[in-house]
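Visitor: Please arrange chain W on chain L, whose structure you already have, making use of the hints.
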Amino acid sequence: MADINRRDFLKVLGISGTASACSIDPVTPIEQVLPYVVTPDQIVPGIATWFATQCTACSEGCGVLAKNREGRVVMLERNPEHPTNKGSLCAMGIADLQATYSPDRFEGPMIAGRRATWDQGMEATIAAVKAAKANGKRVAWLGKHRTGATAALANDVMGALGGETIRWEPLGKQALRKATKAVFGIDGIPTYTLDQAETVLSFGADFLSTWGTPEHNRHYGLGRDPDHCGFIAQFWSVEPRLSNTSVNVDIHLSAAPGTEAGVALALAKLVAEKRAYSGPASALLQGIDAEALVAASGVRMERIVELADRMASHVSVVMPGGTTTVNEVDVAIATLVLNEVAGNVGETVTFGQDSNLAGLHDYEDVAAVLADAENIGVLFLDELDIAYTTPGTAANDALLAVGQLIAFQNEPSESLTDTAIVLPPGTTLETWGDNEAVHGRHTLQQPAMTSLHDTRCTGDVLLELAKGLGIELPAVTASVRAEGDGEAIDGGPAEAVEPAPTPDSFLAYLAEWWKANVFAKTDETDFDAFWRTSVQTGGHFFSRLGKGADFGLEALPSAGAAQEGLTLGLFPHHMTFDGRHANRPWAHEVPEPVTGYVWGTWAEISPKMEADLGLEEDDTITLTTSAGSVEVAYFASPGIRDDMVAVVMGNGHDGGGRYADLTGANPVQLLTGMKYAGDTVTVAKASKTTTISSRLGNLTQDNRPINYIVKAKDIGSGKGPGGIVNLHHPPIDERLTQAGLLDMYPEPEHPTYRFAMAVDLNSCTGCAACQVACYSENNIAVVGPEQNRRGRNMGWLRLSRYWEGSGEEPDVRWQPVMCQHCSHAPCEGVCPVLATYHNLDGLNAMIYNRCVGTRYCANNCPYSARRFNYHTYDWPEPFLMMLNPEVNNRTMGVMEKCTFCIQRIREAKSDYRDHGQLVPDEALTKLLPCASACGSDSITFGNLKDPDSQVSEKFQSERAYAMLSELNTKPGVRYLARISHSEKDYGHGGGH
Amino acid sequence: MEYPSNNAEAMVDTELSYRQVTTDVLEPLFKFSKAYWAGLTLVLLGLAYGGFCIIQQLVWGLGVAGYSQPVFWGLYITTFVFWVGIGHAGTLISAVLFLFRSKWRTGVYRAAEAMTIFAVMTAALFPALHVGRMWNAYWLFPYPNQRQLWQNFKSPLMWDVFAVSTYFTVSTIFFYIGLIPDFAAIRDRTRGAISKVYAGLAIGWRGTDRQWRHYMAAYGFFAAFATPLVLSVHSVVSWDFAMAQTAGWHSTLFPPYFVAGAIFSGCAMVITLLMPLSVIFKWDKYINEWHFEHLAKMCLLTGAILTYAYVMEHFIAWYSDNPYEWGIFKYRAVGDYWWVFWIMVVCNCVIPLVWWWKKARTNYWCLWIVSIFINIGMWFERFNIIASSLAHQFDPAAWTYYLPNYIEIGVLIFSFAWFFLWFLLFVKVMPSVAIAEVKELLPPPLRTDAKEAAK
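So the sequence lines, in the order shown, correspond to chains L and W. Just so we're aligned, residue 1 is where the first sequence starts under the numbering used here, counting upward by one. Just so we're aligned, residue 993 is where the second sequence starts under the numbering used here, counting upward by one.
In case anyone wonders, no lab produced these hints; they're calculated from the structure. These numbers come from a predicted model, not from an experiment. A couple of the hints might just be wrong.
[Unchecked claim] Within a straight-line C-alpha distance of at most 30 Å, the following computed BS3-like cross-link-like pairs (lysine-lysine) qualify: (1) K1146/W with K970/L; (2) K608/L with K1322/W; (3) K713/L with K274/L.
[Claimed, not checked] To list a few chain L residues with every Cβ distance to chain W over 10 Å, as calculated: (4) A112; (5) R300; (6) A368; (7) D528.
Using N, Cα and C, we set each Cβ at its ideal position, and we do this for glycine too.
For reference, chain L alone in the conformation it holds in the complex:
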C-alpha cells in the first residue's frame, strides 16, 4: 500500500464511490426525452386533441370523444352532442380503449398462422374467392351487426359475389323484434322512454347494465330525482333472479322461470279492467284468468293488484325479457300487450326512432350457413367469435369445413382455424367508419390516431377485393328504408345525387355514401362544410318524433308454465359482455358490481342451495346439462330463486388472447340450443377451489350506520342537510366546535376553492362506469387474478354494495367510496414523512416520491380508500402507450388513492387563470372522469366556496350525509341517501 499516493487514493475513492452509488438505486426507471424531428401538425405537446367518433363496444352505436395526447388516444369519454348517450359512456365503452392497445393484436395480415404482407393477404383472398367461384361454391359473410356505409359496402360486394350477408348478435334483441312484428306488424323494436314514467316495470331486461344504452341510466336517475319532475318513479321487476337492474328496483317479483308471460298477461287483464280499456287487445284478454296465472308464477296476488293499480293511474313503461327469461318471444309479446292496455304505446313506448335492425339475422340463419359449410368456398368472418358464442361444436366443425376462412379481426379468437387468412382491420380508433344504429342517427367514426400495426380497414379491403375480382359495384345511392319508420323532420326533399364511380378508398366511399344518404336528406347545400361539421360533432342526427303503432296481435302467446327441475339461465357479463371484450384486462379487473367478483366465471345460486350442497366460500361447483358441464365459482345470491341457476357469460376463452384465456369457463357450452335460458341443469360440488375473488368483503353492512335509506314520504319536509337521514349518532353539536372542544387543530384554510363531491345514492345504479373511467384516467395498475385473490386490487373507487334485504324488496344499496378528501384527514396526521397533506384547494394531496410506504395512512383511513403498490405492476407493450401522460405511474412501495383527478383540476384552473377567472361551476360539475362517465348523473363535483355551485346545493340537501360523520373527519364528499317507497323500518345500529 506504500506506493499509493493521496491523489490516486482520491481517484479510486471517487470512481468506486460513484459507481456504487449509481448501481444501488433499484427503482429509478430510465427515461429518455426525444424531441420531434418534424413537429406534427395537430399536436401541441401537453394539450389533448379530442376526436368525435363512435363506440363499437356493442351495437347500440353511442358516440364517444377520443382524447388524443401526443398521437395516442388515452381516454374515451361520452360525446355530449350524441343523442344516444349524451348522459355517459358505459363501462364497456370506456374499456374498449384497450382493444386498440391489446398486446395480442395481429401486427399485420396472417395467412395460416404466419405473418404476411398485405399484397400476399389480398392475393390469397382474391385467389380463394376465385377458386370458390370456379368450383361452384358459395361465398358467405358472417359478421357482427353493422349499419351505415360499412354495412352497405359489404352488402354490395357480397351481393356482387352472389353470397349471403348474415349479421348476428349473440345478445341481439331478435325476440323483441319478432314480438313487435307480431303485435304491431312493424319490423323493428320500440324505444322505451323511462324519464316520464312513474312506474317502470322490467321483465328481466337488464336495462341499467347490458340491455340498451346508458340513456336508460340517465332516465333512471331523472325518474328517481324528486326535484326533477315532481314524482319519484317506482321501479318494479319480474325476474327469477336479481340482475344488476333488479337490485336497483323498489319491488322485485320473483316469478318462477317460464311463468313471466303469464304474469304480464295477468297484469294486462287487471290493468285493462281498471282503466276500462276497450282497445283492440281487450277481446284477446277475455279469457285470461289473472289469479290462476299469478298463482302459477309464485308471485303474491296483492303485489300484482298493487302494481296494476299503479299502472292504471300512473304513466308507466314495461320492458321485455332479458337473457334469463325462458320463452323470450312470448314474454316480449305479453309485455307489448301490457304496454298497449296501459296506454303506453305512443307515450313511453314509441316507434320511429328505434334501433336499426336492418340486416340483423336470427341464429337460425347463422346455423343454416354453418350447416352448409361443405358448400362454402369462402367464409368471411367479420369480428364475430362464432365458435365461442354458440353452443356445441357446430361452429368449430363448420369453420374447419369451409374452403377458406377469411377473418376480419384484430385479435385471436376461438373461431380462427389453422388455415385462416386474417386481415386485421384496425380498431375503431384507427379507421373510418359509421353507423346508423338508431334510425336517423348517423354516427361517424374517424381515426383518432394512426394505426399501431399494419392494418387495413375492412372497407378498403372490400373495395380492393372488388377491384381484384373485377366486380362492378352498384353506385352509391340512398339506401332503401324499411317500411313503417318516420321521416326526417328537419330533412328537406332528397336532392338528386349524381351516381359516382366506385371510389378507390373507403374514406371516399364513406363520403359518397354520406352524400347520398345523409347529406341529401338535409337542407344543407355545401357537402364539404356538412362533412366537416359531421366529423367534428361525431355524426349527423336527425331528430324524429316517436309515434305509436296499431295493435294487431291476433292471438295471445302462451302464458307458459313453471319449468321442471332446476332452470339454467345465462346473463351477459357487465364488461366482457358476450365474450367479445374478454381480452380487455379492465373488464376483469373492475369488479362486477353485484358480486364484487373479478377474473372469472361464476354461477348465482340460492343460499339454500349453497347450504344443501355444503359449499364454503372457496368451493367451486360443477354445472351439468345434457349438452355438457362446466366448473365455476359460485355466488350465493339472496335474490335468486331456488329453482334457478344463473351463470355469467363472457369468460373462459381458449385462444382469445392472454387475458381472455386466463380465467373462467364458457357457460355457452351448457346450452342445448341457442337459447340462454330454459335448460335443465344439475349442480354438484366440485373438488377444486376457486381462483376467483370478490373485492367486496361482506354481503351486508352488518347493521352499521353507513348507507342510509330515507322514506319517500319524508322528502321535502324542508329539513336542512341530512335532516331526514336517520343517523345513528346525532350530528356533531356546533357548540362543541365553537368552544374548541371537538377539534385539536384548526380548520384548514381554503382561500379560493374547496373541491368537493356529492354522490346521489338514490340514482346510482352500480354500473361500474365510474370505476373504469378512473382506471383509464389514472393509470391504475391491473394486478391480475392471483394478486386480486390476495386482496391487492388497486381500484381507487370501491363500489361498496350492501345487500340489506331480499325477497320482494331487494334493498341493495350502492356506495361509491373513494378518498373523501377530509378536512381533518386521519391519514395526514399519521404520515411520518408528510407524504400526504391537505392543500389549499381542500384536496388531500399525495406525494408519491416522498412516500416511504409505512402504510399507516391506509390503516387509519376509516373509509379504506387507500391502495398500496405491493409490487411494480407492469403493463405489457403496447399498453404503455395508452397511459395518461398527466398521471405518474406508481412503483412498488408507494401508497396511492383517489386524487379528485388533480391533473384535471390543475388544467382547468390554469386555463381559467389565463383569463383571470375562477373555474366556473359548469366546468367543474362533470370535470372528473367518474362524474362524466356516470350514466345517472349521480356524481357532482364542484367548489364548496361557491355557494351557488351544484355541489354546494347538494351539500345542503336534506338527504345529504357524510359517511362515518361521527368520526369528525369532515369529509369533502357527501352522499345523498337513497329514497325508498317501502314502509319498512330502516333504523340503524343496535341498542337504542
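Guide: Relative to chain L, chain W alone:
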C-alpha cells in the same frame, strides 16, 4: 433449599469467595462446548433463510408477503411490538428494581439487560423491513438535508422513532455502566490483546473508593433516568395504535395495557432465557428458583392487569354501543381470527394461573414451559390487535382476511436468529451475571482472609 425471601444474604452461598464468583461467572468466556457451536450454526441458518426472504422482498416488493388490503400491517408490526415488549423487562429489572433495592434483581439483571438491548435491536429491524421502500427508511430521521425534507411530528410513528432510539441509547449506556467493574475483572483475568480490549472497555477501573463513589452516583442517576423510559417507550408504541381511528385500536386503555403486557412478556422471556443459562453453566448459586419465583410473581401481577385490560376492552366496547367498536371485539372473539384470540387468552390469562401454586412457580420445568406459553400468547396478542382490527375496519364492503405467508414467517425466524446471535455472542464476551454486584451480597472478606482474597 429454602431461602427466606426477605433475607438477601441468604440467597447466595456465604461460603463463596470473591475469587470463586469471578471464576464461576467468567468460565463461559473461556470454554466453548459443541452445543454452543451447534446453537450458533442454527442461528446462522435462520439468518440465511430469513435473509433470503428479505432479499426477495427487497427485489420484488412487499407483495411477496401475505398482505391483503386493507390489512396494511401484519406480522412485521406484530413482531416489532413483540420485541419492543420483550425489551421492557431488562431495564425494569436493572433500573426500577435497583431503585427499589430489590436484592433478587442482582443475579438476573445483567442477562435481562442484554436481552433488552438485543430485543430493541431486533425490534428496530422491523420498521425498516416493513416499509414499502426500505431504501428510503432513513427519511424518518430528521436531519438537515438538501431535499429540504422535514418530518411530521404529529405522527405517532415519529414519536416511535424517538421513543425507541432514546430507550435504546439509555439502556445501552446503563448496561455499559453496569459492566465497567466486570470488564475490569475480565481485564485482570486475561492476557495480551484481549486484555487490552477489556482494559479499554473498563476505562481505567481500579475499584478505588473514589471511583466507586462516582460510579454509584452515575449508576443511580441512569437508573432514575431509565425508569420513566420503561413506561414511556411502550406507551408510545401503544400510541401507534391508540392514536389511530381504527376501531379496536383507538383506546385510552392502551398505554398501561401495553406496558403491563410488555413487562409480562419481558419477564417471561427472562425466565425462558436465564433458566437454560443457569442450568448449562451450573450457576444455581447465582440464579435459582428464588429469582425465577420473583419473576413469576411479576408475571402474575402483570398478567392479572392484562386480563383485566382484556375484559375491560370488551366491556367498554359493548357499553359504548359503538357498532364499529363492539363489532371488532365480537369479531376478535368469534370471527375469522377466533383462534388467535383464544390462543392469546389461554396463553396469557389461563396458563400462567398455575403459578399461583408455589410448587409450580419454583419448579424449573413448569416455569420454563409456562414462560414459553406466555411468549407465544403475547405474540398472538399483538397479532390479534393488529390483524383483526384492520381486517374488519369500518366499511364492511372492504373487509378481508389476512394470514402471514412463508416470507413473513421467514422474517420472523430471522428476527429470532438475529436476537439469539447477539445473545450467544454476549454470553461469550461479557459476564452474564453481574460479578461486582454479586460480590456486594457476600459477607465482606475479613482481615484474616485478606491474604486469601488477595491471591
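Visitor: Now tell me, hint by hint, if it's right for this structure.
Guide: Status of each hint after checking the structure:
no.: 1; hint: K1146/W with K970/L; verdict: holds, 19 Å
no.: 2; hint: K608/L with K1322/W; verdict: holds, 26 Å
no.: 3; hint: K713/L with K274/L; verdict: holds, 25 Å
no.: 4; hint: A112; verdict: holds, 41 Å
no.: 5; hint: R300; verdict: holds, 31 Å
no.: 6; hint: A368; verdict: holds, 49 Å
no.: 7; hint: D528; verdict: holds, 55 Å
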